[in-house]
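Chains as they are written, first to last, in the numbering used here: chain A, 537 to 662; chain B, 11 to 236.
Incorrect hints may appear among the rest.
[As the list claims (entries may be wrong)] Calculated pairs, SDA-like style, for lysine to any residue (alpha carbon to alpha carbon, straight line, at most 20 Å):
id, chain 1, residue 1, chain 2, residue 2
1, B, K218, B, K228
2, A, K564, A, E548
3, B, K19, A, V550
4, A, K564, A, V602
5, B, K19, A, C628
6, A, K564, A, V550
7, B, K195, B, D156
8, B, K160, A, A579
9, B, K195, A, E539
10, B, K87, B, A144
11, B, K19, A, C635
12, B, K19, A, D622
13, B, K19, A, L598
14, B, K195, A, I636
15, B, K195, A, C628
16, B, K19, A, D576
17, B, K204, B, E62
18, B, K19, A, I636
19, B, K218, B, K87
20, B, K160, A, E571
21, B, K19, A, E647
22, B, K204, B, Q214
Rather than coming from a laboratory, the hints here were simulated on the basis of the structure.
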Amino acid sequence: MHEMAIANSVLEAVRTEMGLHPGTYPCKVGVRIGEMAAIDQEALRFCFEAITLETDLESLELEIEVCPRRHRCQVCRRDFVVRDYDSRCPQCTSLETTCISGDELELAYLEVEEYGASTAGAKSTQ
Amino acid sequence: MERVLLERKVLSENDRIAAELRARFQEHGILCLNLISSPGSGKTSLLERSLESLPRQDRVAVLTGDIQTENDANRLKRFHFPVKQITTGGTCHLDARMIERHLADWRLEDLDLLLIENVGNLVCPASYDLGEAAKIVVLSVTEGEDKPLKYPSIFFKSDLLILNKIDLLPYVPFDIDAAVDNARKVHPEMEIVKVSCLTGNGLQEWMKWLEQRRTAYKSLLQETAS
Chain A
537 MHEMAIANSV
547 LEAVRTEMGL
557 HPGTYPCKVG
567 VRIGEMAAID
577 QEALRFCFEA
587 ITLETDLESL
597 ELEIEVCPRR
607 HRCQVCRRDF
617 VVRDYDSRCP
627 QCTSLETTCI
637 SGDELELAYL
647 EVEEYGASTA
657 GAKSTQ
Chain B
11 MERVLLERKV
21 LSENDRIAAE
31 LRARFQEHGI
41 LCLNLISSPG
51 SGKTSLLERS
61 LESLPRQDRV
71 AVLTGDIQTE
81 NDANRLKRFH
91 FPVKQITTGG
101 TCHLDARMIE
111 RHLADWRLED
121 LDLLLIENVG
131 NLVCPASYDL
141 GEAAKIVVLS
151 VTEGEDKPLK
161 YPSIFFKSDL
171 LILNKIDLLP
181 YVPFDIDAAV
191 DNARKVHPEM
201 EIVKVSCLTG
211 NGLQEWMKWL
221 EQRRTAYKSL
231 LQETAS
């Protein structure tokens with residue numbers, strides 16, 4: 537259960553980034569999580585809500601994109617998604633494949649809105 | 011509405027410190043290994059048996075992590091190598107900052123091998139880079155052969171699987187071939203060593219692995235330097 541630490545890191549990154557965008561507030565932060573990253577999505581959402589509750593970032597939405605484990609075949613160079621731990625190349629059946637993604641734990645984007653541009657979610661007094 | 015691309019790691023601060031540690035380890039020629047398992051799989055026993063068989067003049071140090079108590083450090087100190095306990099106070103994993111802090115008063119130029127025993131947990135330690143050259147996962151035969159499938163991340167990220175407590179195989183319904191298959195399903199290139207820290211069975215193979223890693227690491231550093 538380290539999702540609280542992860543949620544805190546996401547929030548810290550948002551606050552740092554917001555320093556670069558004066559006159560705006562953050563609406564949504566997108567994170568990318570690989571299926572091999574050992575992060576429980578629901579726990580992360582829960583922790584994120586808990587630490588933003590009743591703060592200036594209460595309206596900040598967390599969007600999680602789950603990335604499957606992908607391998608590349610060393611023989612025919614095909615990229616494919618590994619399902620049920622079967623890392624054999626679906627094209628040429630080679631077992632010589634290497635992992636190219638699936639353990640991401642990345643900040644993808646932040647959506648910011650100018651104060652006064654929209655009323656949804658805006659906190660007017662900061 | 012404006013979308014700003016961030017494209018960086020969530021744990022970038024941890025990763026930054028881990029990268030610094032890795033560079034320092036390389037500079038001083040220290041092979042750092044991060045041992046991970048469930049609580050009670052035998053990480054400390056494996057370290058005891060390892061320290062016991064290493065020559066006294068060997069330049070080895072151990073950092074051992076737990077949520078509370080100095081018990082593990084006390085067990086390991088009797089082998090006369092530098093040992094330090096990291097008590098996390100509740101955190102379920104070690105992070106790079108803890109390693110940095112606990113290394114502060116050791117002279118890295120006096121070390122060749124740093125063994126880190128992580129907090130007993132098959133999940134969270136997988137996410138935190140400690141600057142190690144390799145992760146090692148320990149699984150004992152009392153735990154169930156499907157652990158690699160249930161906790162794939164750590165098996166995926168570890169170079170070596172140590173299957174411990176093989177002396178208990180006659181008494182527990184553990185299918186060791188299935189455990190090996192499951193580990194290789196998650197991580198086809200994984201190396202696997204079967205040991206009993208109680209009887210000493212298989213430990214020679216583990217010590218051989220360790221020795222080979224140390225030699226390979228040294229040659230790698232020499233190649234990069236030249």
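Hints versus structure:
1. B:K218 - B:K228: holds, 15 Å
2. A:K564 - A:E548: Holds. K564 of chain A to E548 of chain A sits at ~14 Å (cutoff 20 Å).
3. B:K19 - A:V550: Cα-Cα ~12 Å, so holds.
4. A:K564 - A:V602: holds, 16 Å
5. B:K19 - A:C628: Violated, at roughly 34 Å.
6. A:K564 - A:V550: Holds, because 10 Å separates the two Cα atoms, which is no more than 20 Å.
7. B:K195 - B:D156: holds, 11 Å
8. B:K160 - A:A579: holds, 17 Å
9. B:K195 - A:E539: Answer violated: K195 of chain B to E539 of chain A is near 27 Å, above 20 Å.
10. B:K87 - B:A144: It is violated: about 24 Å lies between the C-alpha atoms, which goes past 20 Å.
11. B:K19 - A:C635: Roughly 18 Å separates the two Cα atoms, so the pair holds.
12. B:K19 - A:D622: violated, 27 Å
13. B:K19 - A:L598: holds, 16 Å
14. B:K195 - A:I636: Since the Cα atoms of K195 of chain B and I636 of chain A sit roughly 16 Å apart, the hinted pair holds (cutoff 20 Å).
15. B:K195 - A:C628: Roughly 18 Å between the alpha carbons, so the hint for K195 of chain B and C628 of chain A holds.
16. B:K19 - A:D576: holds, 17 Å
17. B:K204 - B:E62: holds, 19 Å
18. B:K19 - A:I636: Holds, because 16 Å separates the two Cα atoms, which is no more than 20 Å.
19. B:K218 - B:K87: Not satisfied, since the Cα-Cα distance of roughly 23 Å exceeds 20 Å.
20. B:K160 - A:E571: holds, 12 Å
21. B:K19 - A:E647: holds, 17 Å
22. B:K204 - B:Q214: holds, 10 Å
Violated hints for the displayed structure, listed by number in ascending order: 5, 9, 10, 12 and 19.
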